[in-house]
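S.K.: Sequence:
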Amino acid sequence: MKKINQLKQFLLERNLLNNSTASSHQFTIKDGFIEPFSVDNLGFQYHFTLTISLSAYCYPFNELIASIVSWIQSNQPEALINTHSRQQAIKFNVENITDNQCDLTIELKISERVKATKKQDNLEFDSLSDRQILQEPLEKYSHK
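Numbering (our numbering), first residue to last: 1 to 144.
Check the hints yourself; a few may be wrong.
Restricting the straight-line Cα-Cα distance to at most 27 Å, the calculated cross-link-like pairs of lysine-lysine (DSSO-like) are [as the list claims (entries may be wrong)]:
1) Lys91 x Lys30
2) Lys2 x Lys30
3) Lys91 x Lys119
4) Lys119 x Lys8
5) Lys109 x Lys2
6) Lys109 x Lys8
7) Lys91 x Lys2
8) Lys119 x Lys30
9) Lys2 x Lys119
10) Lys91 x Lys118
11) Lys30 x Lys109
12) Lys115 x Lys8
13) Lys2 x Lys118
14) Lys118 x Lys8
In case anyone wonders, no lab produced these hints; they're calculated from the structure.
Note that the structure is predicted; figures quoted are calculated from it, not measured.
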């Protein structure tokens, strides 16, 4: 599941997370399920909710949310296709609000496609980008 590390790196590069305070932020997965591409294909898609828990995060957090929206636009574009999916794509909860800090929990609906290719007697797995999938027919990734 490469998207989790991609998002983490994206936020670290923008100084919205701090590696030295890694204990103050956690990334967890819940409500996951796997959707096979088809009966005759070894490829599949992960679907899950990524929960990002940030303790004592600086308030307000507009820059963090804007960066997450930017990442979603590039890496999870189908989440923004219609009103319903946009309303479900990013959720949040805030607790322990002070003048400049809060405990923030953000939930993101994420999917990640994996293509399985049989090479000799082994299987190789490649993550497929959402942009790649949106531009090409799914049948192209069928394993025959």
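S.K.: Confirm or reject each hint.
M.R.: Taking the hints in turn, this is what the structure says about them:
1. Lys91 x Lys30: OK: Lys91 and Lys30 at ~14 Å, within 27 Å.
2. Lys2 x Lys30: 16 Å, holds
3. Lys91 x Lys119: Given pair Lys91, Lys119 is violated - Cα atoms ~41 Å apart, limit 27 Å.
4. Lys119 x Lys8: 32 Å, violated
5. Lys109 x Lys2: 14 Å, holds
6. Lys109 x Lys8: Holds: Lys109 and Lys8 sit about 15 Å apart, inside 27 Å.
7. Lys91 x Lys2: 21 Å, holds
8. Lys119 x Lys30: Violated, because 32 Å separates the two Cα atoms, which is more than 27 Å.
9. Lys2 x Lys119: 22 Å, holds
10. Lys91 x Lys118: Distance of about 38 Å is beyond 27 Å: violated.
11. Lys30 x Lys109: 10 Å, holds
12. Lys115 x Lys8: Satisfied, since the Cα-Cα distance of roughly 23 Å is no more than 27 Å.
13. Lys2 x Lys118: 21 Å, holds
14. Lys118 x Lys8: Judged against 27 Å, a Cα distance of about 31 Å means the pair is violated.
Checked against the numbered hints given earlier, the structure breaks hints 3, 4, 8, 10 and 14 and satisfies all the rest.
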